[in-house]
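Number of protein chains: 2
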Amino acid sequence: MGCQRRRTSVSGALLLPRLLCLLCFAVISLAENTEMVNVVTERKAEESHRQDSANLLIFITLLTLTILTIWLFKHRRFRFLHETGLAMIYGLFVGIILRFGVHLPQDLSDVTLTCAVNSSPTTILVNVSGRFYEYSLKGEVQDSKGHDVPNAEMLRKVTFDPEVFFNILLPPIIFHAGYSLKRRHFFRNLGSILSYAFVGTLTTCFVTGLVMYGCVVFMKVIGQLGGDFFFTDCLFFGAIVSATDPVTVLAIFNELKVDVDLYALMFGESVLNDAVAIVLSSSIVAYQPEGDNRHTFDGSALLKSLGVFLGFFSGSFAMGAATGVMTALVTKFTKLRDFPLLETALFFLMSWSTFLLAEACGFTGVVAVLFCGITQAHYTYNNLSAESKSRTKQLFELLNFLAENFIFSYMGLTFFSFQHHVFNPLFIIGAFVSFSSKMFMLYSCILAIFLGRAANIYPLSFLLNLGRKNKIASNFQHVMMFSGLRGAMTFALSIRDTATYARQMMFSTTLLIVFFTVLVCGGGTTPVLSLMQIRVGVDTDQDNSVTAPDGMTQRSTKHESAWPFRLWYTFDHNYLKPFLTHSGPPLTSTLPACCGPIARCLTSTQAYENAGQLNDEDTELILNDGGGLMYSDMMVSTDAHGMPTPSTSQAGLYSLAGTSDDPLDRELVFGGTRLVLPTDEPPDPLTSFPPPPPSPPLLDPLRHRV
Amino acid sequence: MGCQRRRTSVSGALLLPRLLCLLCFAVISLAENTEMVNVVTERKAEESHRQDSANLLIFITLLTLTILTIWLFKHRRFRFLHETGLAMIYGLFVGIILRFGVHLPQDLSDVTLTCAVNSSPTTILVNVSGRFYEYSLKGEVQDSKGHDVPNAEMLRKVTFDPEVFFNILLPPIIFHAGYSLKRRHFFRNLGSILSYAFVGTLTTCFVTGLVMYGCVVFMKVIGQLGGDFFFTDCLFFGAIVSATDPVTVLAIFNELKVDVDLYALMFGESVLNDAVAIVLSSSIVAYQPEGDNRHTFDGSALLKSLGVFLGFFSGSFAMGAATGVMTALVTKFTKLRDFPLLETALFFLMSWSTFLLAEACGFTGVVAVLFCGITQAHYTYNNLSAESKSRTKQLFELLNFLAENFIFSYMGLTFFSFQHHVFNPLFIIGAFVSFSSKMFMLYSCILAIFLGRAANIYPLSFLLNLGRKNKIASNFQHVMMFSGLRGAMTFALSIRDTATYARQMMFSTTLLIVFFTVLVCGGGTTPVLSLMQIRVGVDTDQDNSVTAPDGMTQRSTKHESAWPFRLWYTFDHNYLKPFLTHSGPPLTSTLPACCGPIARCLTSTQAYENAGQLNDEDTELILNDGGGLMYSDMMVSTDAHGMPTPSTSQAGLYSLAGTSDDPLDRELVFGGTRLVLPTDEPPDPLTSFPPPPPSPPLLDPLRHRV
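So the protein lines, in turn, are chains A and B.
Counted from 1, the first sequence has number 30 at position 30 by the numbering used here; the numbering is strictly sequential.
Counted from 1, the second sequence has number 476 at position 476 by the numbering used here; the numbering is strictly sequential.
Looking at chain A on its own, in the form it has when it is part of the complex (with noise of 0.2 Å):
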C-alpha cells in the first residue's frame, strides 16, 4: 500500500547529476463543460475499478481452487505433486483462457500523450482543461508488442507490478523461513550450512554465469543471437538462479520426517542462499565500470561491488537483529504477555518495520526481514506468553501460506500472460525437440543451472568431510543436487526487471526452469529419496546416529564446534539470553561482580527460577571432543538462590530435553502445511519431565560423544 518500488528499466547505470524537470507549457483548450469532463472520468475510475476487483478474484478463486484440491490430495495421500506446483498449473490454464478464450473489447480511454520531455518522472501533473491532474509512473509499456496480442488491456491489467512481490509477497515468507528454522539441527550444522550459502551460492553464480557465457558467444559466432547479453547479464542470471527455494522439498521432507541432518543442510541453505542471491545480484548490478568500456573488466569496480555486497548483507544483517532484539527487549521489560492481543501486534509491527527500515535506509528488507526472523525466534518467542507464541505462529504461517500459493499461481498465470516474452510459447510447446536459438539458449541455461549447482554441492561436501567427523554421505550430497528446486525468489528477481532484451530472455527462461524444477524435481522428491535409501519416518527430536544405514556415521561436532562458533554460543547463552530473555542463568552470576546492580535490573525473576535448568539446546553444540558439559562449573555455582539445582553433569543432560525451546522446535511448520497444535505444557522441566530412563534415545547424541 504505497510502497511499491517501480523500477522502470536498469539497462544501464550511469552515476549523473539528477535532470532538473522540465516544466512544459502548451496550449490548454477549455473544450467541454468541466462537469461532464468529471462525470466521465469518475465512470472510468469505477470501472477500473471493477476491473480490478474482477482479476484480484482471479487470483482468489485459483488459491481457493487450489486450497480444496491440496486437501483432495492431502487426503488421498498423494505426493507426486505438490500444492505449489499444482497452483502453477491452475494459474497455467487460467492464463491460456485469459490469452485465447476471453476476448475483450479493446479499451479504448488510454490517451496517449507526446510531449516534448526527456526523462520519465515518477509523478507528472497533467494540466487538463485548467485542472491538475496528478499521475504515477507504472512503468514502460512495449507499444509494438502490447498491441498484437488480442487481449493486451486484459492481459496487462492481470498483470501486477512487479514490486508487489518483492514488497508484498516475499517478506512474509522469508520471515516465516526464519522464524521457523528448527535450531537445534541449524547450529548444530552451522558451519557447513553458512559455506554452502556463501562459498557455494558464489560458486553457482559463477559456473552458470561462465557457462552461459560460452553459449552466449556461441550463439554470437553462429550469429543467432537478437540482442546485446553481456557478461554482467550472465552473471546476473547466475545470481538469481542460484536461489534455491525451501519451500516445495522441505514440504515433502517434513511430511515424510526425512533425517534431521539432511533436513537442516537443506533448509538452512535454501534460506541463507535467498539472501545470498539478492545480496550479489545488487552487487553485480553494481558492478559498472566507469568510461567507455563499460562491459569489460575493472578491478575497482570490482572492489566496489565486493563493497556493495558486504555493506549490503551486514547492513542488512545489522538491522534485522536489531529489530529482534528491541522486540525482545520490549517483550521482556513491559508486562505485554497479558494482552495476548497488544503482544501479538507488537511482533506483527516490529517484524514489518525491520522491513520497512531496511528499505527507507537502502539496505535489502528481504534480508532483514530473514535474520530479524531468526532473532525473534531465538530471544522474543521466549517472552511471549503462550498464547501469542500461537498466535504469532499460526499468523506468519498463513501469511506464507497464501504469499506462496499467490506467488506460483501467479507464476502460471504469467507464463502466457507476460508481455515481454521473448519466447513464444506455442513455438515451444509445438516443437520441443527442434533446434532453434531460443531453445539452445533453455538447454543451455538449464544445463548451467545443473553445472552450477553440482560444482556447490560435491567439491563443497568434499571438503567439508574433510573437517566434519559427522561426514556428509554420498547419498546426502545427490538429494541436495537434486532438490535445488527454483521457486518464488528466482522469480521475483527476474520479473523485477525486465527492460533489456537479455533480462526479457532471463525471465522468459527463468519461469521454464522454475516450472521444471517444481514439477520434475518436487515431484520426484519422494522417488529419489527411496532411490538413494535416505531413512524417513525419523522423530525429529530423536537422534539417528545409531540406526542410519549409510548416513553419517559417526557423530561429532568437532567441526560446528569450532572456536569462534564455541565463543558465540558462550557469548550468546551467558550475556544475550538472559539479558534478552527469561531463560539462561542469571546476569548476576555471568558477569562480574563490579556490574552487579546492573546485573540485577536487567534479570528477571523468572531467570533465577530457571537456574536449575542452564541448558538449552545450544549447549549441545559446545560440548568439548573431551567430554562433559562446558557449564557444568556454572550450575553449581548458581544454587545461591535456594533453587534445587542439579549437581552433576548427568543430571544437566537430562534437563537437556525440555527447555522452553523445544516446543518451537517441535511445533513450527516449515513447508506451510504441517499442522501445528498449540502447547498444555508447562514450561519447567524438572518438575514435568518424568525420570530419565536408564538409555533415553534422546540424549543418545551426547552419550556418544561424552
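The set of hints was computed from the structure by calculation and includes no laboratory data.
Some hints here could point you the wrong way.
[To be verified] One-sided excerpt, in silico: chain B residues whose CB lies under 10 Å from chain A: (1) H75; (2) N167; (3) D338; (4) E343.
[As the list claims (entries may be wrong)] A few chain A residues that don't get close to chain B, going by computed Cβ distances all over 10 Å: (5) L194; (6) S474; (7) A593.
This structure is a prediction, so every number in the text was calculated from the model and none was measured.
Even for Gly, the Cβ is constructed at its ideal location relative to N, Cα and C.
On the provided structure of chain A, position chain B as indicated by the hints.
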C-alpha cells in the same frame, strides 16, 4: 494492492456517453542518451520508494507507541482515554511535527505536462523519446494551495489514497464486527436493532441534513459562505455522520461488563447503521435530477435514489450471505477440518472474495462483508475445527485491531497535513471562542448531529417501547444518545471525496466531530454509566432481569418473536442449520418424507448425534407466550437413531445452555481489547453440563416467559 478505486471528483454527474479518447501525437524529441534517462528515472523511483517506506514507518512507529501506551493504561486501569483516542492524539503530534517541524527541500521532479486533452483518463501513455511509459491517475491536485504550505511534497507523500481506507482498512473492521456479533442477545433484540438501524439512521440523516441546510441558508443570507452548498450536500453530510462507531464505547462496555441488552442494542445499531449509512450516501450521490434545475426536488430522481438504496442494500446483503453459505457448505462437505491451516486460509479467502465480488458487480463491498461475517458466524463457525475457530477469531481480531488503530492515527495525522482542509487549524486553536463563519458552521454541525441523534433515539425508543414488554429504560436511552461516537466509517466516507468546496468543508468538520466525540464521549462513557446507574459487571451469559434496578423490568420476547421473525427462526432451525452445519435436527426428520434420499445425503452424521440437543440459543427467541418450546414435539420424534433424547420440555430447556454456539458468544471480542482464550471444553452439552440447579440463573428469562 491494485484494487484502489480513484475518484477524482464527484461534483456533478450527468449520464453522458463515454468520451472517445484523444490520441494526440506531437513531436518526439529524442533529447538525450536513453540510458542516462533510464538511470535518472531509476534513481528517482528508488528515492520515491525509500520515501514511501519511511512514511509507512512513521505509522508503524505510531502504532507501536500506541500499543505500548495502551498496555500502560490497561496495566494501570486508566479508562478515560481509549486506545483509539490515544492513537489519534499521537497522530496529531506527528502531524504537527511534519507540518511545522520538518523542512525538506522541495522536490522538483514533478513535470507538468499541459496538453490538449479534455478529459482526465485513468491511464495515460507518455511518449518519452520514443519509449512509452504508462502513468495511472492519482487524483486531482489543488495547484494553488498545494504550494502554499511549506512541506507540500512531504505532506502529500504522507497522505494516503482515500480508497485505501475503503478497500483495505474498513473491510476487516466491518467483517470482525459481523463475525463477533453476540448473537443470542442480538437476535433477541433484532426488531429494535433493525428499527434503530434503518428508521433511526434515516431520521438522523434527514434531521441533520435539514438543520445543516437551515444554517447554510442563514449563512448565505448574511453572506458568509464561500462556496456552493446544496441541500443534497447537507443530506450527504447527514448520511456520513449518522454512522456511529462500534469500537470505542463497546470496548469500554465490554471491559466493564455492562448490561447485555444495552450492549446488544448499541452494538447491533452501530454495526448495521454503518451499512445503512454507506448505502444511503451512495443513494444521495445517485440523486441527480435531470435537466437544468439540478439542485431542486425531483420525484423521479428520488424514486431512483430509493431504488438505488434498496438495490445496493439487498444486492450486497445477498452477496455476503451467498459467500457465507458457500463457505459453510464447503467446510461441511469436505473433511477440510483435518487441516486447520487450509481451513483458515479458505475461510479468509472466501470472506475476502465477498468484498471483491460485490465490488466487481458494482455493489458495496463493505456491506457485503458485514453480512458475510454474520453468516460465517452463524453457520460456518459451527463447522470449523476447534483450532480453526480460534485461528479465525484471532486473525480477524488482529486485523481489526491494526486497521482500527491505523485509521485513528491517520486521522490525527491528517488533521494538520491534509491539503484540502477548508479551516485553518491555527486559527481554530488560537481563536476558539471568537465567532466566525467557520466556527459557526462547526457549532451548527455539532448541534445538527446531536439533534439528529436525539431524533433517532428518543422517539424511536418511545415507539418501540409500545411494542416491547422489556422496555428500553430512559437511562439506556440517555446512554445510547451519549455514546453515538463517530469513527472510522464516517472518516472513510468523508475522505473518499474531497473535490468540491462543500465536500472539503464536510471533511474538515467531520474530522473535528470525530475528535470531539471520541475524546469527549469516549472518555466520558465510564462517568456517564455510573451517573445513569447502569449496572456493570454483568456476566454475559447470565441474565439480569430480576436484579436490574430500573432497567428492563419485565422480560418477554413478544415483540421480537413477531411472526416474521418466528417464521425465519423455524426455517433457519429446521432447514438452514441442518443443511449448512453439523448441528440442528437431522434433515431427515424435518423435511417431508418424499425428500428422504436428498435429506439423508445432506445430513451429516454429527447431526444424528446432535439430535438430542436440538435447541440452540436461537430457540429462545421463538418461544410462544403461552410457554413451552416450539420444538418439544420434534425432540421426541427424533429418538429413532438410538440417541438419548430428553423427552420432557424441561430437559430441553436445560440443554439450551451449552450449545456449540455458546463458546463463540462468550469468547468473541468486540472492541479488539478483550482477551480470547482457547476453548478446551468438549462441545457436547448433555454430557459436560452439570446437572441443573433448582434455579439456574441462565434460565431466568425462560422461566419468566414460561
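Structure-based check of each hint:
| no. | hint | in the structure |
| --- | --- | --- |
| 1 | H75 | holds (6 Å) |
| 2 | N167 | holds (8 Å) |
| 3 | D338 | holds (8 Å) |
| 4 | E343 | holds (9 Å) |
| 5 | L194 | holds (29 Å) |
| 6 | S474 | holds (36 Å) |
| 7 | A593 | holds (34 Å) |
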